[in-house]
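*Asks:* Everything in the sequence shown is counted per our numbering, starting at 163 for the first residue and increasing by one.
Some clues are possibly wrong.
[To be verified] Between beta-carbon pairs, the in silico distance windows are:
#1 G164 with D286: 22 to 28 Å
#2 W192 with G270: 18 to 24 Å
#3 D259 with D291: 16 to 22 Å
#4 H165 with D259: 32 to 38 Å
#5 D266 with G181: 34 to 40 Å
#6 T271 with P297: 24 to 30 Å
No lab work stands behind these hints, which were simulated from the structure alone.
By construction, the Cβ of each residue, glycine as well, lies at the ideal position given by its N, Cα and C atoms.
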Amino acid sequence: LGHWVVDGCVFRKTANHTGGIHVANLTYPWVMLVLRNCVFYNIDDCIRFDATTYQNASSIIEHNNIFVLHTAATGKFIIRTKGSIAHSDYSCGWAIDGAPAASDRWGGTGLPEHSIEQDPQFVDVANGDYRPRNPNVLRGGKPDIADNSPQMGAVLQEYQFARRAKAANLGRLQIIR
């Protein structure tokens, strides 16, 4: 029996854009993966479930994750050959080159009810800042026990506004005498 909880991690591009998390239960009779509050960036196989025999079943619970694929046409958030998806919802999926288009990209279950396929608008990916700016991602997480909707993703910090050019009405800046 193998139980894995992955919480608050950032998975960045690998050498060949594949290989986020790969569960292949070769020795365990059953694997349960709980994945929450993570970011997968520039990867085409974010979560992969393989099993060598029928009895080696895997199961996943995932929520509040952000998946950004390398390739919109072929990348998949969840690839499942065997096993089950116990819960998959409240996540954001996108691709570097636009809206994801691969069929069965959510593991054969279709787009989960509360998940979205929108650009998370990270603050500064080039420098490793994976804080989202998209309001739907900021308020789209799985509600907690008090029914508050948290953010999706690994970096849970307050909203970062885009820098704006300084613009002011000079008339308002002057002191009226």
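*Asks:* Does each hint hold? Answer for all of them.
*Replies:* Results of checking the hints against the structure:
1. Distance hint check: the CB atoms of G164 and D286 are about 36 Å apart, inconsistent with the given range 22 to 28 Å.
2. Here the CB-CB span from W192 to G270 is close to 20 Å, well matched to the stated 18 to 24 Å.
3. With their beta carbons about 21 Å apart, D259 and D291 fall inside the hinted range of 16 to 22 Å.
4. Checked against the hint of 32 to 38 Å, the C-beta distance between H165 and D259 comes to roughly 36 Å, which is consistent with it.
5. For D266 and G181, the Cβ-Cβ distance of about 19 Å falls outside the hinted range of 34 to 40 Å, so the restraint is violated.
6. At roughly 26 Å, the beta-carbon separation of T271 and P297 lies within the given 24 to 30 Å, and the hint holds.
Violated hints, in rising order: 1 and 5; the structure is consistent with all others.
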